[in-house]
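As a plain string of letters, each chain reads:
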Amino acid sequence: MNLESLYQDLILDHYKNPLNKKLAENPGISVHHVNPSCGDEVTLHLTGDRSELKSVTWDGVGCSISQASTSVMSDLVQGKSPAQAESILNSFMEMMQSKGGSQGDLELLGDGVAFSGVSKFPARIKCALLGWMALKDAMVQLDLI
Amino acid sequence: MNLESLYQDLILDHYKNPLNKKLAENPGISVHHVNPSCGDEVTLHLTGDRSELKSVTWDGVGCSISQASTSVMSDLVQGKSPAQAESILNSFMEMMQSKGGSQGDLELLGDGVAFSGVSKFPARIKCALLGWMALKDAMVQLDLI
Amino acid sequence: MPLDVSTIKADFPILQRKVRHDNPLIYLDSGATSQKPIQVIDAVSNFYKNHNSAVHRGAHLIAEEATDAYEGAREKVAKFIDGDPDEVIFTKSATESLNALAYSIGNAAKGSPFYLDENSEILVSELEHHANLIPWQELAKRTGAKLTWFEIDEDVRLDYSNIDQLINKKTKIIAITHQSNVSGAITDLPAIVERAKVVGALTILDACQSAPHMDISVKKLGIDFYAFSGHKAVGPTGIGILWGRTELLDQLPPFLYGGSMVTSVTMTGATFAKSPRKFEAGVPNMAGAVGLGVALDYLSDIGMENIHNHEIALTQYSLEKLAQVEGLTVIGPKNVEMRGAVLSFTVDGIHPHDLGQALDENGIAVRTGHHCAWPLMKKMKLVATTRASLYLYNDFTDVDHLITGIESAKKFFLKSGR
Amino acid sequence: MPLDVSTIKADFPILQRKVRHDNPLIYLDSGATSQKPIQVIDAVSNFYKNHNSAVHRGAHLIAEEATDAYEGAREKVAKFIDGDPDEVIFTKSATESLNALAYSIGNAAKGSPFYLDENSEILVSELEHHANLIPWQELAKRTGAKLTWFEIDEDVRLDYSNIDQLINKKTKIIAITHQSNVSGAITDLPAIVERAKVVGALTILDACQSAPHMDISVKKLGIDFYAFSGHKAVGPTGIGILWGRTELLDQLPPFLYGGSMVTSVTMTGATFAKSPRKFEAGVPNMAGAVGLGVALDYLSDIGMENIHNHEIALTQYSLEKLAQVEGLTVIGPKNVEMRGAVLSFTVDGIHPHDLGQALDENGIAVRTGHHCAWPLMKKMKLVATTRASLYLYNDFTDVDHLITGIESAKKFFLKSGR
Ligand SMILES: Cc1ncc(COP(=O)(O)O)c(C=O)c1O
Ligand SMILES: Cc1ncc(COP(=O)(O)O)c(C=O)c1O
Chain A
1 MNLESLYQDL ILDHYKNPLN KKLAENPGIS VHHVNPSCGD EVTLHLTGDR SELKSVTWDG
61 VGCSISQAST SVMSDLVQGK SPAQAESILN SFMEMMQSKG GSQGDLELLG DGVAFSGVSK
121 FPARIKCALL GWMALKDAMV QLDLI
Chain B
1 MNLESLYQDL ILDHYKNPLN KKLAENPGIS VHHVNPSCGD EVTLHLTGDR SELKSVTWDG
61 VGCSISQAST SVMSDLVQGK SPAQAESILN SFMEMMQSKG GSQGDLELLG DGVAFSGVSK
121 FPARIKCALL GWMALKDAMV QLDLI
Chain C
1 MPLDVSTIKA DFPILQRKVR HDNPLIYLDS GATSQKPIQV IDAVSNFYKN HNSAVHRGAH
61 LIAEEATDAY EGAREKVAKF IDGDPDEVIF TKSATESLNA LAYSIGNAAK GSPFYLDENS
121 EILVSELEHH ANLIPWQELA KRTGAKLTWF EIDEDVRLDY SNIDQLINKK TKIIAITHQS
181 NVSGAITDLP AIVERAKVVG ALTILDACQS APHMDISVKK LGIDFYAFSG HKAVGPTGIG
241 ILWGRTELLD QLPPFLYGGS MVTSVTMTGA TFAKSPRKFE AGVPNMAGAV GLGVALDYLS
301 DIGMENIHNH EIALTQYSLE KLAQVEGLTV IGPKNVEMRG AVLSFTVDGI HPHDLGQALD
361 ENGIAVRTGH HCAWPLMKKM KLVATTRASL YLYNDFTDVD HLITGIESAK KFFLKSGR
Chain D
1 MPLDVSTIKA DFPILQRKVR HDNPLIYLDS GATSQKPIQV IDAVSNFYKN HNSAVHRGAH
61 LIAEEATDAY EGAREKVAKF IDGDPDEVIF TKSATESLNA LAYSIGNAAK GSPFYLDENS
121 EILVSELEHH ANLIPWQELA KRTGAKLTWF EIDEDVRLDY SNIDQLINKK TKIIAITHQS
181 NVSGAITDLP AIVERAKVVG ALTILDACQS APHMDISVKK LGIDFYAFSG HKAVGPTGIG
241 ILWGRTELLD QLPPFLYGGS MVTSVTMTGA TFAKSPRKFE AGVPNMAGAV GLGVALDYLS
301 DIGMENIHNH EIALTQYSLE KLAQVEGLTV IGPKNVEMRG AVLSFTVDGI HPHDLGQALD
361 ENGIAVRTGH HCAWPLMKKM KLVATTRASL YLYNDFTDVD HLITGIESAK KFFLKSGR
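One line per chain: the protein sequences are A, B, C and D, in this order. If you're matching positions, the first sequence starts at 1 in my numbering and goes up one per residue. If you're matching positions, the second sequence starts at 1 in my numbering and goes up one per residue. If you're matching positions, the third sequence starts at 1 in my numbering and goes up one per residue. If you're matching positions, the fourth sequence starts at 1 in my numbering and goes up one per residue.
Treat each hint with caution, since some may be false.
[Said to hold, decoys possible] In silico SDA-like cross-links for lysine to any residue, where the CA-CA straight-line distance does not exceed 25 Å:
#1 K126(B) to D137(B)
#2 K18(D) to I125(A)
#3 K379(C) to V61(B)
#4 K126(B) to N46(C)
#5 K410(D) to P122(A)
#6 K120(A) to N46(C)
#7 K110(D) to R142(C)
[Unchecked claim] Pair by pair, the computed Cβ-Cβ distance ranges are:
#8 Q165(D) to Q251(C): 36 to 44 Å
#9 Q165(D) to K99(B): 53 to 61 Å
#10 K99(B) to E151(C): 40 to 48 Å
#11 K415(C) to Q39(D): 26 to 34 Å
#12 N23(C) to K16(B): 23 to 31 Å
#13 G100(A) to F396(D): 31 to 39 Å
#14 S98(A) to Q39(C): 28 to 36 Å
#15 K170(C) to Q165(D): 47 to 55 Å
[What the hints assert, rightly or not] Derived list of chain B stretches under chain C, where covered just means 3 residues or more per stretch with a C-beta under 8 Å from a C-beta of chain C:
#16 38 to 46
#17 57 to 63
#18 85 to 94
#19 118 to 130
Just so you know, the hints here were simulated from the structure itself, not pulled from any lab data. No residue lacks a Cβ here, since even glycine has one placed at the ideal position from N, Cα and C.
Build the full structure now, drawing on both the sequences and the hints.
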């Protein structure tokens, strides 16, 4: 493992130019998640129903991993059904818990597989999951999953 | 060090046949001391004035060391002036703190020198001092020293 | 499977030591603290030599390793007691675990299931160690709750005859020892837990003298909280366990406040993480936790079932031998039914302190005194007892030495003419 | 006398370790926890191998030896801080020390000098570590007292301009850090202590970041209570110190209740021993205390004066080097006046977490985050900083590695096209 394989260009690109990083107004739900061990924060706005996640926008401060992961997540689940979003989320979490063992499911995760290297760094897994946990929370609160 | 030199016959004799172990009535002061680490107890009755400790009696439960030491003490200070009693007490304490280094001052301590071996056993020093501490407390409370 | 005690003894460096007059050390004081196998000692050293770093804090390699080691230890503890890792809280000792509970309960606001007032009762027993008595006395004082207690019977077991009065609708907390550190009596937990569930009382178990000695599943016991000390379970000093059921830990306020237990902090207030973090403020005893993990593995590898059976056999043998000593009275059950390897006794005419000293001269380490169970001693009208407490590294020969030691002390102190 | 750092480094086994990509470990995280010299590691092992036994309890030889070792460690601590042995209380950490004080004060009855109510104020500062903030927030809530605080100035030092308002007749407790674990700023204690004496407030010092790094006399400081952690002072984990003045400890109620801290116990109440026993319920972290004694001897043998001067020289050098890194901002005083070897900084365009990771790839261990001083971070409008904290085993080369590491991280994260 070296720095390049942890911080793949794709991660740094998303960090520099995050997608959907502008909170939509009047969302179905707004959730705020914090990583208490480092202070990273994300606010997620979600609008959707049982058939579709119509709008996934966010704002936050944090490291490249947490920011890029949230960016990738917001792009991946936008327009998907809650069930599809949940299986993407589960697939991402599985990859994160693999301790470097899994390359990730390219079909489900798309750009998300760039984070597979993070799973070797226990202290950073929480960073990569911050936005995803916010999504899960938002879907639960909207009663979508 | 062996058992015989710690428990000299004199100690066991005083344990079996303690002196002054019968609380006098209407004492000048009554004090009660406990060794909280083992539960040994002594109650001491003292009557006296600045010229003489007229009556030193006691009752208690405890190991041979604490009982014999209290017995010896009561015998030693009976009829002495508070100042004399205090110098005997100080001499006894010094011997106890000597970690086996001091044989004790035979002139001042009399039978008390039998306890010199106790000073090698840190856990037993408190036993040997129980009655003496009660005496000191009683003299202080009677404003004799 | 019978224990291979000589192999076990060889794992414990201190048991190779010579003490007074070049006597081999015969350690019969495991009820106070247990000795440590080289595996545990080395695990502690190895942590310091290779992985020492503040857990849950650094983003660097050794911080990751330290965190893995520490959380790995938590998993070992969870497995040992059949709990969930998130339910396992590292404290410094059982004493802290029990006080922490008492303070946390005292911190509960009105409306909380833990809230106590003048209409509440806290139930303990006359058998309790001070560590499971005074915290509840003080909590009772602070909240106005009433302290009640089981009395003892002639075998120095709990007297269950009035259990239905003692555990009543007012009873909010039952804090009870699993095994007496004086009489060795094992508590009839099913009777207590069943009745506690009827009235909705919380059950808190002081497992100091049981967790190291028998196979325990907190789930099967059906209790709510569970405390024990690592140092009595061949683990390092300065590490203890508090276990609680998740639903309860979720509702329990924290005890110590500080780093790593918060979700947010401002100058005027803080919100708190979930268990176990909520209950582990500050840099913890990392080496201690790691050592405890290895200690519990050591015990599990030998088998708690095997250890327990060994201790029962030793106890049986000891009870038989002690019964043959004239003038000796065993304090506690005279048979091995629901009884552990803690043997308290008195010998006519010899104060326990003197007996302990005489045994020490022969290299035999026992404990004398009130064993931090002063109310129990007063109830039994005793000032002190001598206590021999046995563990996996003791064998029948150790018991024989004890008996010989007692006999020679009798000769010394009770010889005619004295 | 300048330190012989290469000899010192050789005493610390972990500093011989290779980490990521076979890089030697460059440990710059001593503010979180310090590494341990072999002398301390061996002292802990040796206790377990030869003298392990419950202190203050047994009447046998190894119990005496354990007690001697434990009480000997207390004397070493007393000497180290220039206090009296009976004033030295072993806890599990500074976090416990500070919480213990807050609870003990909360246990004080009306009429006690420690009693707090709605007319009392507790003064802290915006610099505090959570461990010296939240316990006081909670005590304030429990007693109705008002929490007040020093703000910070642009150098991330305390702002003393309103000290006479802050320390007023209502101020009962002043709990303050001796050195910030974020900015490295050292508190102007004489100003605070002098004013505290005028109004009769108690002064409590969080010395976590100072006790291991400078020659301190609690007597000369004129404070009332003092807390630090052994693990930050090359000592074992799970052992901390609370020091207090005898007159105050005599009047302070206990915190943890249990064995060995009583003078009598009945089923309904207990009376308590004097300090330090009153504050040390239960079997303590004996091996930890013994290890801490050896740790403080290790530091004293090198000389606290020498260690402090070494750290100042390192800090001076670091500040100069860091100032040359483009885009880097040091959080805290820019010179070594009243400042310790804790260096927090931010680098434009690189999140601290990412910087920490990049340094770790080169074997350089730093800490990133809010450093358990979240209110301070919010005040400075920061989410996190990177922190390098130096100790006696660090040398100028370590600082050079840090600078090189930062530069290469900048190259990686800020390379054009990204
Ligand atoms: C200033 C300060 N106070 C308190 C603490 C808490 O110390 P511990 O976690 O060892 O209890 C720390 C260290 O984390 C600190 O730096
Ligand atoms: C039954 C019981 N409870 C509590 C304790 C207290 O344990 P510790 O001193 O390890 O906190 C002990 C041991 O001394 C004990 O035997």
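Hints and how they fare:
For the hint linking K126(B) to D137(B), the alpha-carbon distance of about 15 Å falls within 25 Å, and the restraint holds. About 24 Å separates the Cα atoms of K18(D) and I125(A), which keeps this hinted pair within 25 Å; it holds. This hinted pair checks out: K379(C) and V61(B) have alpha carbons roughly 16 Å apart, not beyond 25 Å. The hinted pair formed by K126(B) and N46(C) fails the criterion: a straight-line CA distance of about 40 Å is larger than 25 Å.
In summary, the hint linking K410(D) to P122(A) is supported, as the alpha carbons are separated by about 24 Å, within the 25 Å threshold. Pair hint K120(A) plus N46(C) holds up; C-alpha atoms about 23 Å apart against a cutoff of 25 Å. Between K110(D) and R142(C) the alpha-carbon distance is near 13 Å, which keeps this suggested pair within the 25 Å criterion. A beta carbon spacing of about 41 Å between Q165(D) and Q251(C) agrees with the range 36 to 44 Å that was offered as a hint.
Between Q165(D) and K99(B) the C-beta distance comes to about 56 Å, which sits within the given range of 53 to 61 Å. A hinted range of 40 to 48 Å holds for the C-beta pair K99(B) and E151(C), which are about 45 Å apart. In this structure the hint that K415(C) and Q39(D) lie 26 to 34 Å apart at CB is violated, the actual value being about 50 Å. Take N23(C) and K16(B): their Cβ atoms lie about 28 Å apart, and the range 23 to 31 Å holds.
Checked against the hint of 31 to 39 Å, the pair G100(A) and F396(D) passes, with Cβ atoms roughly 36 Å apart. Take S98(A) and Q39(C): their Cβ atoms lie about 31 Å apart, and the range 28 to 36 Å holds. Remark: the range hint 47 to 55 Å for K170(C) to Q165(D) is upheld by a beta-carbon distance near 50 Å. A count of 4 residues in the segment 38 to 46 of chain B with a Cβ less than 8 Å from any Cβ of chain C is obtained; the coverage claim is therefore met, three being the minimum.
Only residues whose beta carbon comes within less than 8 Å of a beta carbon in chain C count, and the segment 57 to 63 of chain B has 3; three or more means the coverage holds. Using a Cβ-Cβ cut-off of 8 Å, 0 residues of the segment 85 to 94 of chain B lie near chain C, which falls short of the minimum of three, so the contact claim is violated. Interface restraint, the segment 118 to 130 of chain B with chain C: holds (3 residues with C-beta to C-beta distance below 8 Å; minimum three).
Hints 4, 11 and 18 from the earlier list are contradicted by this structure; the remaining hints agree with it.
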